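**Student:** Spelled out from the first residue to the last, the chains are:
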Amino acid sequence: MAEGVCLERGGRRVLKDVSTAIERAQVTAVVGPSGSGKSSLLRCFNRLEEPQEGRVLLAGEDTRQIAPVELRRRVGLIAQMPTIFPGGVRANLAYGLDDPEDFDLRTTLESVGLPGHFLERPSDALSGGEAQRLCIARALVRNPEVLLLDEPTASLDRDAVRTIERLIWDLAGRGLTIVIVTHDLGQAGRVTSHVKLMVDGRLTAEGDVGDVEQAWPKEER
Amino acid sequence: MRAVVISLALTAAALLITRIQSLRIEPEFIVAVVRAAVQLAVVAVVIGTVFDHLGLSGLFVLVMFAAASVTAGRRLHGVKGALRIGATSIAAGSVPALIALFGLGGYELEPRFIIPISGILIGGAMTATTLAGRRIRDEITSKVAEIEARLSLGVTARFALRSYLPSGIHGALIPVLDQTKNVGLITLPGAFVGMILGGASPVEAAQVQLTVLFSLLGVQTMAASVCAVRVGRSFVGPGERMVL
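Chains as they are written, first to last, in our numbering: chain H, 1 to 221; chain D, 222 to 465.
Same shape as in the complex, but just chain D:
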């Protein structure tokens, strides 16, 4: 508990800095801290029960998925069908990875594996979806004249938008690529630290962490790619036209 209080003091210092710098993100900052505290407190209470029932853990994963979809959808405001795009992108990234990891025997189908692994992968998919979607949305809305110049040459909207997708996907993958490249050198990621603190051997912790990182690369690449294509399409109307 003492560690939590100390880390909260550090958060207060960070809040002070945002105030001095006039960043005007204090409300969001406070909401994030309060939400994290409340959510983790609830999870701590609930998870004991959930860990004992496979069905409940499935329900828990669905709640995580819904929350991630709503968050991503909100972050993609200005995009038509943002919630649907958020949900399908997160599902496209995380569902195949979860099926592979659990279906091929990577992990046993038990709540103590299902919940943390699903949480990490769904969270990663949500981050990639948000980053890619926002970048592509901004790129397209700021370059409408250029895109219409392409359409005016008689190419399909899909072809015209092709040039604007890679930078958005790449931008969304920079954090996970950096995290994977620098793991162990600059950062000790959450799963590794959690297992060590929980008493696992460093070798076991490293195996789980590698699984998480490799899976995240696939999950985030898939989520960002699906999101990029779908956000691009959301700006195309009937007759190969841009619709803003």
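Chain H on its own, in the form it takes in the complex:
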């Protein structure tokens, strides 16, 4: 949940008094034209950005009161371009874990639709869609409460896009709260009926895809 969030970067106000609630165990899509502040809002949710005004709450707790390391394990963020670290698939999944033996990496990998034997693969042998699913699995290993997806299919082909969209559905069905940022209204409609429109740093409409389409600024269509 965001309350009166204002973010200024490089002398420009990127977010202007943004207040919104995110439903638990649901998919929420934040849509809007390029540069409207969608990604910045996501970055405030896991404190990669610190708003100058307002606050972000996680299950009622001000995120500034939660250590960033703990917050980011509870609120995973997946970027637009799949970012795979050097090393194999196993090393990527185990990255930063205190004791990787305690985690069932194979099951996590399978939960995003990748075969368990991929664990032993070098990560540069993955396709774009597989790499993005590995990124999602890497966040899921930490058992997050919320998953933030920033244009997660922007660099993928159509088949991979559909696979990721099915995965988003599936993860929400398992109780995960998901916020997806996309400029593609069609995609928002395919993954959820909770859509929020962001224009020029403000949330200007919310509802289903039809409601938001009506409110989409004509000059940006």
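Honestly, the hints are just simulated from the structure, not real lab data. Please note that a few of the clues may not be correct.
[As the list claims (entries may be wrong)] What follows is a set of in silico ranges between Cβ atoms, one per label pair, in the way DEER data are often shown: (1) D:362 with H:50: 14 to 22 Å; (2) D:331 with H:11: 53 to 61 Å; (3) H:10 with D:248: 26 to 34 Å; (4) H:9 with D:261: 46 to 54 Å; (5) D:362 with H:24: 31 to 39 Å; (6) D:432 with H:50: 49 to 57 Å; (7) D:258 with H:155: 53 to 61 Å; (8) H:70 with D:247: 53 to 61 Å; (9) H:60 with D:380: 26 to 34 Å; (10) D:362 with H:70: 21 to 29 Å; (11) D:244 with H:10: 27 to 35 Å; (12) H:10 with D:255: 37 to 45 Å.
[Said to hold, decoys possible] Here are the computed lysine to aspartate or glutamate pairs in the DMTMM-like style, where the Cα-Cα straight-line distance is at most 20 Å: (13) H:218 with H:200; (14) D:364 with H:124; (15) D:364 with H:49; (16) D:301 with D:360; (17) D:364 with H:150; (18) D:301 with H:49; (19) H:16 with H:53; (20) H:16 with H:3.
Source: prediction; values computed, not measured. Positions of the beta carbon are idealized from the N, C-alpha and C atoms, including for glycine.
Given chain H's structure and the hints, the job is docking chain D onto it.
**Tutor:** Just chain D now, with coordinates in the frame of chain H:
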């Protein structure tokens, strides 16, 4: 004097090459040559006096340290607190080595030892600081998305940056490692040549040169490591965030 004129002619030839190749470093080239000539001329005049007074030689070392810090700081533009990082890295590398060499009786505490040894070690620390700092700065600023992906997995900024430091430190140490490996085979380094020209025996010259090379390995490793860590930290803001 004739040798200086001949070497200056070679420098002019090098300048011509940079012009033909359109490298656009002619101004820096000329400034370097003029600065070297002026600085060494001043040093030649001053050093006679300084060599007679221990206190003055200490002051001279401080001037060398300040000049090295400012140079390193300028080379690390784009890094927050570059001057401070340059100074602490150079100090971290050179001060312990100087204390060890002079405190444990390696050399007598006399200006004729203090000034050249300090100059070589502070200069070496400055080179390593500049090379390591620039590499790490470039590595971090070009891989912000990857570093933020690491932070987003709930690791500390120190842990996230860990992967980017070794290549910068290693890159900074390549020149001194090559110099140490190839000494006597490909190059005859400055201290050795200087002592031979000054009339010392080759064995004495070799001993001093080995001391310099071994000390430089330690000095540069320490300076590059401290610089790498501090440059990395300069890009981290409160709340384990990247700040550019």
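**Student:** It remains to establish, for every hint, whether it holds in the given structure.
**Tutor:** Evaluated hints:
| no. | hint | verdict |
| --- | --- | --- |
| 1 | D:362 with H:50: 14 to 22 Å | holds (20 Å) |
| 2 | D:331 with H:11: 53 to 61 Å | holds (57 Å) |
| 3 | H:10 with D:248: 26 to 34 Å | holds (32 Å) |
| 4 | H:9 with D:261: 46 to 54 Å | holds (49 Å) |
| 5 | D:362 with H:24: 31 to 39 Å | holds (38 Å) |
| 6 | D:432 with H:50: 49 to 57 Å | holds (51 Å) |
| 7 | D:258 with H:155: 53 to 61 Å | holds (56 Å) |
| 8 | H:70 with D:247: 53 to 61 Å | holds (56 Å) |
| 9 | H:60 with D:380: 26 to 34 Å | holds (29 Å) |
| 10 | D:362 with H:70: 21 to 29 Å | holds (28 Å) |
| 11 | D:244 with H:10: 27 to 35 Å | holds (34 Å) |
| 12 | H:10 with D:255: 37 to 45 Å | holds (40 Å) |
| 13 | H:218 with H:200 | holds (14 Å) |
| 14 | D:364 with H:124 | holds (17 Å) |
| 15 | D:364 with H:49 | holds (17 Å) |
| 16 | D:301 with D:360 | holds (16 Å) |
| 17 | D:364 with H:150 | holds (18 Å) |
| 18 | D:301 with H:49 | holds (19 Å) |
| 19 | H:16 with H:53 | holds (9 Å) |
| 20 | H:16 with H:3 | holds (11 Å) |
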